[in-house]
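**Q** Letter by letter, the chains look like this.
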Amino acid sequence: MSHKIKSLKFAAGKINFSHLRLIIMLVTLILLVLGSGAPEIGPGGGIG
Amino acid sequence: MILLNGIILGLLFGWLLARRNNRKFAVPELKREWLVWAAFAPQFLAFYYNPTRQNIDETLASAILILSQVVLLVFIWNNRQHAGLLVLGFGLLLNLLVITANGGWMPILPDTVHLLRPDAAPGSWEVGARLGFGKDIVLNAAETRLWWLSDRFFKPAWIFAPAAFSLGDVFISLGAFLFLTALGMEGQIYSIHNNSQGDLYAT
Chain G
1 MSHKIKSLKF
11 AAGKINFSHL
21 RLIIMLVTLI
31 LLVLGSGAPE
41 IGPGGGIG
Chain Z
1 MILLNGIILG
11 LLFGWLLARR
21 NNRKFAVPEL
31 KREWLVWAAF
41 APQFLAFYYN
51 PTRQNIDETL
61 ASAILILSQV
71 VLLVFIWNNR
81 QHAGLLVLGF
91 GLLLNLLVIT
101 ANGGWMPILP
111 DTVHLLRPDA
121 APGSWEVGAR
131 LGFGKDIVLN
141 AAETRLWWLS
151 DRFFKPAWIF
161 APAAFSLGDV
171 FISLGAFLFL
181 TALGMEGQIY
191 SIHNNSQGDL
201 YAT
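Sequence order for the protein chains is G and Z.
The numbers in the first sequence follow our numbering, run straight up by one, and end at 48.
The numbers in the second sequence follow our numbering, run straight up by one, and end at 203.
Treat the hints with care, as some may be off.
As the list claims (entries may be wrong) - Cβ-to-Cβ under 10 Å is the rule here; a few derived chain Z residues that face chain G:
id: 1; residue: LEU3
id: 2; residue: LEU146
id: 3; residue: TRP147
id: 4; residue: ILE172
It should be emphasised that the hints constitute simulated quantities derived from the structure, not laboratory data.
The beta-carbon is built from N, C-alpha and C at its ideal position, and this holds for glycine as well.
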């Protein structure tokens, strides 16, 4: 098994269900905030 | 970015609080999470994604804004046991009120637009019309209903980037901050154990 595949398997093993739940909750919160707010951003301000 | 500041700071404070108190960062089960995704998807097409927002009629875009925010309020109501989400929901309600009172758009004063886009080409915006492809409409103060809830606050360029925001936006950002900070105090406390070699470890 190449070193790269071993590294990927190690990284995947580190991401467990609670990490996934945290990521989903954070994305949901970001969408909630962006959908709820209505700021007008000037040049160079990016999203939200 | 003005809205996302609350999330970034809340995550940082919550994580620091959890570490300080030897707790795990709590991840609550939010009820009907899919409502947020379903509500945001049409907003993404109408306001954020360039290829589609150019082709969506303004009447439809304003209807999307109001309906999606009503759906987001339903989500907040379903999760009202979280104090931070209640504060966020109050901000959303303020925005929804002023948007509904002004024909489906968030009002912004011409003076604020001058501050926000001092180098805008003449004719690129006008009073009474939607500002670009965003959620705002340029209105004079006399024509604005509930003007105190409009995008009347101005954040100058030296704080990251210029932005105009409303009182509702302040509560939304504050609510996100409080929600995430509270999660740093609600998590399970780490248990300290001894292994067979007598070393301490936490679970």
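**Q** Hint by hint, note whether the structure agrees.
**A** Checked hints:
With 10 Å as the threshold, the beta carbon of LEU3 (chain Z) comes within range of chain G, its nearest partner Cβ sitting at about 4 Å, so the hint holds. About 13 Å separates the beta-carbon of LEU146 (chain Z) from the nearest beta-carbon of chain G, more than 10 Å, and the hint is not met. Annotation: TRP147 (chain Z) was flagged as interfacial toward chain G, and the flag is violated, the nearest CB pair being 14 Å apart, outside 10 Å. For ILE172 (chain Z), the suggested interface contact is upheld, since its CB lies about 5 Å from the closest CB of chain G, less than 10 Å.
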